[in-house]
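Q: Take a look at the letters that make up each chain.
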Amino acid sequence: MPVIQFKEALRAAMIEEMERDENVFLLGEEVGEYNGAYKVSEGMLARFGPRRVLDTPISEAAFTGLGIGAAMCGLRPIVELMSWSFSLVCFDQLVNNAANIRYMSGGQFKIPIVFRGGNGIAHQLGATHSHRVDALFSRVPGLTVVAPSCPYDAKGLLKSAIRSDDPVIFLESEVMLNDRGEVPDEPYTLPIGRAYVRREGSDVTFICWSKMVKLCMAAAEKLQSEDGISAEVIDLRTLRPLDEDTLVSSIRKTNRCVVVDEDWPYCGMGAGIVERLYRRVFDDLDAPIGRVCCEDVPVPYNHYLEQAMQPSVPKVIAAAREVCYV
Amino acid sequence: MPFEITMPQLSDTMTEGTVVKWHVREGDPVKPNQEIADVETDKATMPMESYEGGTLAYIAAPEGTRVKVGGLLGVVAVPGEDPAEIRKAAGADGASKPSAPVAPSGDDVKGPSEIRPAELSVRPKQAPPAGEPRERLRVSPLARRIAQEKGIDLLKVRGSGPGGRIVRKDVEEFAAAAARPAAAPAQTPPPSLPMPVPRGQSKTVPLSKMRTAIATALQRSKQMVPHFYETIDIDMEAVAALRQRMNQKLEKEQVRLSVMDFVYKATAAALLRHPRLNARFNAEKNELTQYGDVNLGIAVAIPDGLIVPVLRGIDQLGLKEIRLRSLDIFERARAQRLRREELSEATFTVSPLGNYGIRHFSAIINPPEVAILAVGSAEPRAVVRDGQVVARMTMSVTLSADHRAVDGAVAAEFLSTLRELLEEPAMMLA
Numbered sequence: 001m002p003v004i005q006f007k008e009a010l011r012a013a014m015i016e017e018m019e020r021d022e023n024v025f026l027l028g029e030e031v032g033e034y035n036g037a038y039k040v041s042e043g044m045l046a047r048f049g050p051r052r053v054l055d056t057p058i059s060e061a062a063f064t065g066l067g068i069g070a071a072m073c074g075l076r077p078i079v080e081l082m083s084w085s086f087s088l089v090c091f092d093q094l095v096n097n098a099a100n101i102r103y104m105s106g107g108q109f110k111i112p113i114v115f116r117g118g119n120g121i122a123h124q125l126g127a128t129h130s131h132r133v134d135a136l137f138s139r140v141p142g143l144t145v146v147a148p149s150c151p152y153d154a155k156g157l158l159k160s161a162i163r164s165d166d167p168v169i170f171l172e173s174e175v176m177l178n179d180r181g182e183v184p185d186e187p188y189t190l191p192i193g194r195a196y197v198r199r200e201g202s203d204v205t206f207i208c209w210s211k212m213v214k215l216c217m218a219a220a221e222k223l224q225s226e227d228g229i230s231a232e233v234i235d236l237r238t239l240r241p242l243d244e245d246t247l248v249s250s251i252r253k254t255n256r257c258v259v260v261d262e263d264w265p266y267c268g269m270g271a272g273i274v275e276r277l278y279r280r281v282f283d284d285l286d287a288p289i290g291r292v293c294c295e296d297v298p299v300p301y302n303h304y305l306e307q308a309m310q311p312s313v314p315k316v317i318a319a320a321r322e323v324c325y326v
Numbered sequence: 327m328p329f330e331i332t333m334p335q336l337s338d339t340m341t342e343g344t345v346v347k348w349h350v351r352e353g354d355p356v357k358p359n360q361e362i363a364d365v366e367t368d369k370a371t372m373p374m375e376s377y378e379g380g381t382l383a384y385i386a387a388p389e390g391t392r393v394k395v396g397g398l399l400g401v402v403a404v405p406g407e408d409p410a411e412i413r414k415a416a417g418a419d420g421a422s423k424p425s426a427p428v429a430p431s432g433d434d435v436k437g438p439s440e441i442r443p444a445e446l447s448v449r450p451k452q453a454p455p456a457g458e459p460r461e462r463l464r465v466s467p468l469a470r471r472i473a474q475e476k477g478i479d480l481l482k483v484r485g486s487g488p489g490g491r492i493v494r495k496d497v498e499e500f501a502a503a504a505a506r507p508a509a510a511p512a513q514t515p516p517p518s519l520p521m522p523v524p525r526g527q528s529k530t531v532p533l534s535k536m537r538t539a540i541a542t543a544l545q546r547s548k549q550m551v552p553h554f555y556e557t558i559d560i561d562m563e564a565v566a567a568l569r570q571r572m573n574q575k576l577e578k579e580q581v582r583l584s585v586m587d588f589v590y591k592a593t594a595a596a597l598l599r600h601p602r603l604n605a606r607f608n609a610e611k612n613e614l615t616q617y618g619d620v621n622l623g624i625a626v627a628i629p630d631g632l633i634v635p636v637l638r639g640i641d642q643l644g645l646k647e648i649r650l651r652s653l654d655i656f657e658r659a660r661a662q663r664l665r666r667e668e669l670s671e672a673t674f675t676v677s678p679l680g681n682y683g684i685r686h687f688s689a690i691i692n693p694p695e696v697a698i699l700a701v702g703s704a705e706p707r708a709v710v711r712d713g714q715v716v717a718r719m720t721m722s723v724t725l726s727a728d729h730r731a732v733d734g735a736v737a738a739e740f741l742s743t744l745r746e747l748l749e750e751p752a753m754m755l756a
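Protein chains in written order, with this note's numbering: chain A, 1 to 326; chain B, 327 to 756.
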């Protein structure tokens, strides 16, 4: 099976869907002439021309609104946000318009649109360019939120997102774009709303997504060799709707759980997931559900502080040991 | 609602306690389960935790104050409340006034059933061991479910999790009855020697709380309880031989049984056969309560006093577990780090002085129990066997019994059974 980069998988998904459906088009800052701020859309302008690969000004509220309008009229836009941190200036378009128009119009308008871009902490981009928007959008009825962790998932999930008739928030990460992984040449899609058990285990369930998956896999290996603790790693893939059943059946097996995310602790994505789980697994728990997340501070610019405020393999291991009482 | 910390009842006989030390000051934050104070009871000094978190708003009983059980020690402001206002209200308001100093008294001894949960606003630290449900057990939901499925009484399970939480491992180990040795107890400092009194001088010291409690309780016992005494000699050759064989086998587990372990075991077995002695006597109600389990009190000497930790349900323990548990409980007794449950509800007491070479003595009953067994040393003695004088390992034990509750023949039957069990230890299996 060919091994390709995360960004190549995203590009392949967009190209395949644009070739499959002429209503699909891409717009955003630097997606055309510059071949993408992170080269995700490299070569796409040359391939599809300026009618289907649109460079926009630095005007998130305008071009996300343009996309939503186009979706109302029957097109299937892919809107690239250079960083999800910039979505804060088009929050109204995403939350009020994209998420609600289908509901407010009594179903007269579908909004088949994908908003995609880099989410979370990359490296030394400072507090305002390091936002994690997972919880901001996952709490909004009307939105679908997808967060792949590897090239294979990125391609399969992005294709499903483009085919969805509802707005999809598609969370990537700048620091994952060069990750490599096996992706088949044959077309495939992955279902939205299903979590994936990335590693089977019996003692503790790690719930994670996006770049935290690699962290949890590394922690699981260390726990196995150092403590003999067998960790099950569940990659959520989709944050909304949440695949509760997969999580619950895993926790019923392991009786212990740690949720790992790079959001803030209070009202963060992990907090929301824990709330969803508690009433279903209460009688199965041998310890309170553990959480590893970012510290409750703005994201520092300083490299060491930035590292220290984020989840790490040692933090995940410590949390696992705590819930396993070792 | 601010949370009132009151003096808990930490032992059967406790009517008052002294706040020895506050670990937090007014205005300090208090976390749930944090050790907030040390309280000296008539038996031991115990650390206590607060149930609630917040801010210690007000100390009603400064260090050194004696407070009756149920009396106010302090007030915790829960989050959202203003500690300053609560302090003002508590200081001025009659509703939360500190309890009046108490009259010294050994009366009003409360039985276990009279202890109301409301009095337990603070609790001794660590795990709730076996005992009556005096406080809410901390159990993980999973452990609770497993216990329910397996029909395990959680009150008998010791919790290993934070704050004494019973977790799956504890329930499963209990279920497997694996009798895994408990972790070695913490090292305790050796008891300090009392200062000798210089020649030509004298020294008067006020009695410690413990000394006062012993004086009151034993004087009362000797005055109120009509004691009678019976002594029997027991041939210990069989126990000595069995002990040697067992210790060889247990060597790899680093367990070394003592003669007393056999005595405890045999005493428990004999008590089950003679339940009239495994009992508590209530003179006011004219009642004698007999028990189906043996909670064996064992007198342990500590500096300037003695303490009687209780091995609960000893009749169900094997010799190895008796050894391990008694080692643990004795060490903690000497360190005065026993939990309330480990000091109360004995159904019978054994007082061993054999280690000191004492051949025979009679002990004072610890009411409301109805008897106590004084155990001397097992030593080679010249005895007559088949008309010949031979040396045999021999031990004398003396039973002190309360004649209100039992008669001489009952006591004699018990001693006779005890002798049979020790002379032919296999009969304990019968």
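Don't read these hints as lab results, they were simulated from the structure. Bear in mind the structure is a predicted one, so any value in this text is a computation, not a measurement. One thing to keep in mind: the hints can contain errors.
Some, not all, of what chain B presents toward chain A, calculated at C-beta under 8 Å [said to hold, decoys possible]:
(1) Arg462
(2) Leu463
(3) Ser466
(4) Pro467
(5) Lys482
(6) Arg484
(7) Ser486
(8) Gly487
(9) Gly489
(10) Val493
Just a sample of chain A residues kept apart from chain B, beta carbon distances all over 12 Å, derived [as the list claims (entries may be wrong)]:
(11) Ala12
(12) Arg163
(13) Met217
(14) Gly272
Built from N, CA and C at the ideal position, the CB exists for glycine as well.
Q: Output the numbers, in ascending order, of every earlier hint that fails for this structure.
A: 1, 2, 5, 6 and 9
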